[in-house]
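Each protein sequence line maps, in turn, to chains A and B. Residues 841 to 1062 in the working numbering are what the first sequence spells out, letter by letter. Residues 1328 to 1539 in the working numbering are what the second sequence spells out, letter by letter.
Derived from the structure by calculation, the hints contain no laboratory data. Among the hints, erroneous ones may be present.
[Claimed, not checked] If you anchor each label on the Cβ, the simulated ranges turn out as follows: (1) B/Glu1431 - A/His1008: 17 to 23 Å; (2) A/His866 - B/Val1383: 16 to 22 Å; (3) A/Val1036 - B/Gly1418: 25 to 31 Å; (4) B/Lys1335 - A/Asp842: 49 to 55 Å; (5) B/Asn1345 - A/Asp941: 27 to 33 Å; (6) A/Ala1043 - B/Gly1536: 45 to 51 Å; (7) B/Asn1534 - A/Pro899: 55 to 61 Å; (8) B/Phe1417 - A/Asp939: 30 to 36 Å; (9) B/His1344 - A/Gly923: 29 to 35 Å; (10) B/Asp1512 - A/Gln851: 28 to 34 Å; (11) B/Gly1481 - A/Asn1045: 18 to 24 Å; (12) B/Met1328 - A/Pro1060: 20 to 26 Å; (13) A/His986 - B/Asn1517: 33 to 39 Å; (14) A/Arg1002 - B/Asp1512: 40 to 46 Å.
[What the hints assert, rightly or not] Chain B is faced by these chain A residues, among others (derived, beta-carbon under 10 Å): (15) Lys934; (16) Asp966; (17) Cys971; (18) His991; (19) Arg993; (20) His1008; (21) Ser1058; (22) Pro1060; (23) Ser1062.
[As the list claims (entries may be wrong)] 20 Å max Cα-Cα, derived PhoX-like pairs, lysine-lysine: (24) B/Lys1403 - B/Lys1387; (25) A/Lys934 - B/Lys1461; (26) B/Lys1365 - A/Lys934; (27) A/Lys1020 - B/Lys1403; (28) A/Lys1020 - B/Lys1334; (29) A/Lys850 - B/Lys1387.
Backbone N, C-alpha and C define an ideal beta-carbon position, used for all residues, glycine too.
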Amino acid sequence: MDGIHDLGGKQGHGPIDTDEDETAFHTEWEGREWGLAQCARTPGITIDWWRHCRELILPQDYLERPYFDSWAQTDFSTYIESGWISIDEIIAGKSQATDRDYGEAAQAMSLQQVLDEDHDLASRFDAEIDCPPAYEVGQSVITRVHGHGGHTRLPQYARGHRGIIHAHHGAHVFPDLSAKGEETHQHLYSVMFSAVELWGESAANDKVYLDLWESYLSKPES
Amino acid sequence: MPEFDAKKVTEIHHQLHNHLPSESALRIKALESLLIDKGLVNSQTIDRWVEAYTDVIGPKRGASVVARAWCDQEYKQRLLQNAPAAIDEFGYLGKATGHLKVVENTDRIHNLVVCTLCSCYPFSILGIAPAWYKAAAYRSRAIRDPRGVLAEFGVDIDDDTEVRVWDSTAELRYLVLPQRPTGSDNLDQNALAALVTRNSMIGTDRNLGETS
């Protein structure tokens, strides 16, 4: 989706706040949302569907509201879309009785249990597939020119450009379909682009690396 | 189960835009209250997640890994070849580091990490990402004008140093291995770790040990 989230190379967003202090959470509510997001994910969602729901936030809200606020709004949207909570409950500010079985109430975890769970969250997204990789390291590739209306991880700035395969990472879950609930795997590559190829004006030696799935790529004609 | 219905979610965001309270604190409180009411989350567990990422998991972990790589060539090779296994020698494997890659700075190469499409970050080794890393100004510009961004952070890069920007578009996450400061030969691993800044592991800091 060519949405507001696809920010790479956009201009006019102003200076960076380089003086920010290094505390993990700047307000109490940021910490609450971080914690909520770790222990409450809508059953059956995928990381890519969650990301897509965040991309679908109204552009003005996406740019202007604080970061962890957008996580909360994304959580609301995935719970509502799945039927776990309703807009009426949000407006009323309290939960209403439904026929849904919410299962056993979540139990309190200790710090050690939380740290163990964090360790378990080192998720892997790769898998063995029968199909051999189409490209090898050092080969030239061209990225797809067009995007599509769904979730994708090929940013606009990198479309229709020539790059070189820098590394092959095996086959990883393909996000464009994972965002629709379909788990398939495709070969994933680090692709190196010259900054001049992408931006015209750039230092001659500078490079940009993206991790791109095989179907984002094709062989150049010459 | 989700229906994976993007059109419906767009509608929901319009409704949320109109009905959620404006203040972030109230929005998050509303979400937490509803989820607790339904038994989907436990308030004390949220407290423990905040504690974990305030007191235990943070950039000090990354700094320890970097300092060890400076002192132990064999460890450095393991880190460059298989970062998830190498950080787990410290027990630091975790959220978003299952496919960690380490990229090394040299006299002639400077690495910078960004996520232009969202805010991907190697949580279990660096903790919570700084707000600037997740904001539009950095996400838009780091990929296009990395030297300008670095100058904004007070880092000047020679013309003959190659800048490599890594856009975290997949589930791989990147950690920059900064260069060991010159004149640090007499420092032990703990003293070296104290010199490693969070920003140097993202790539927005370079010359460690120099007072700016």
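Cross-check of the supplied hints:
1. B/Glu1431 - A/His1008: 17 to 23 Å: For A/His1008 against B/Glu1431, whose Cβ atoms are near 20 Å apart, the range 17 to 23 Å holds.
2. A/His866 - B/Val1383: 16 to 22 Å: Once the Cβ atoms are compared, 19 Å apart, the range 16 to 22 Å for B/Val1383 and A/His866 holds.
3. A/Val1036 - B/Gly1418: 25 to 31 Å: violated, 43 Å
4. B/Lys1335 - A/Asp842: 49 to 55 Å: violated, 20 Å
5. B/Asn1345 - A/Asp941: 27 to 33 Å: Once the Cβ atoms are compared, 30 Å apart, the range 27 to 33 Å for A/Asp941 and B/Asn1345 holds.
6. A/Ala1043 - B/Gly1536: 45 to 51 Å: violated, 26 Å
7. B/Asn1534 - A/Pro899: 55 to 61 Å: Since B/Asn1534 and A/Pro899 have Cβ atoms about 39 Å apart, the given range 55 to 61 Å is violated.
8. B/Phe1417 - A/Asp939: 30 to 36 Å: Violated, at about 48 Å.
9. B/His1344 - A/Gly923: 29 to 35 Å: Once the Cβ atoms are compared, 20 Å apart, the range 29 to 35 Å for A/Gly923 and B/His1344 is violated.
10. B/Asp1512 - A/Gln851: 28 to 34 Å: violated, 44 Å
11. B/Gly1481 - A/Asn1045: 18 to 24 Å: Check passed, 22 Å falls within 18 to 24 Å.
12. B/Met1328 - A/Pro1060: 20 to 26 Å: Between B/Met1328 and A/Pro1060, where Cβ atoms are some 42 Å apart, the hint is violated.
13. A/His986 - B/Asn1517: 33 to 39 Å: Since A/His986 and B/Asn1517 have Cβ atoms about 53 Å apart, the given range 33 to 39 Å is violated.
14. A/Arg1002 - B/Asp1512: 40 to 46 Å: Cβ of A/Arg1002 to Cβ of B/Asp1512: about 44 Å, so the range 40 to 46 Å holds.
15. Lys934: holds, 7 Å
16. Asp966: holds, 7 Å
17. Cys971: With a closest approach of 18 Å, the A/Cys971 hint is violated.
18. His991: holds, 8 Å
19. Arg993: Where the cut-off is 10 Å and the nearest Cβ of chain B is about 4 Å from A/Arg993, the hint holds.
20. His1008: Given a least distance of 12 Å, the restraint on A/His1008 is violated.
21. Ser1058: violated, 18 Å
22. Pro1060: The hint is violated - A/Pro1060 has no Cβ within 10 Å of chain B, the shortest such distance being about 21 Å.
23. Ser1062: violated, 27 Å
24. B/Lys1403 - B/Lys1387: Satisfied, since the Cα-Cα distance of roughly 17 Å is no more than 20 Å.
25. A/Lys934 - B/Lys1461: violated, 31 Å
26. B/Lys1365 - A/Lys934: holds, 10 Å
27. A/Lys1020 - B/Lys1403: violated, 40 Å
28. A/Lys1020 - B/Lys1334: The hint holds at about 12 Å.
29. A/Lys850 - B/Lys1387: Status violated; Cα separation ~33 Å.
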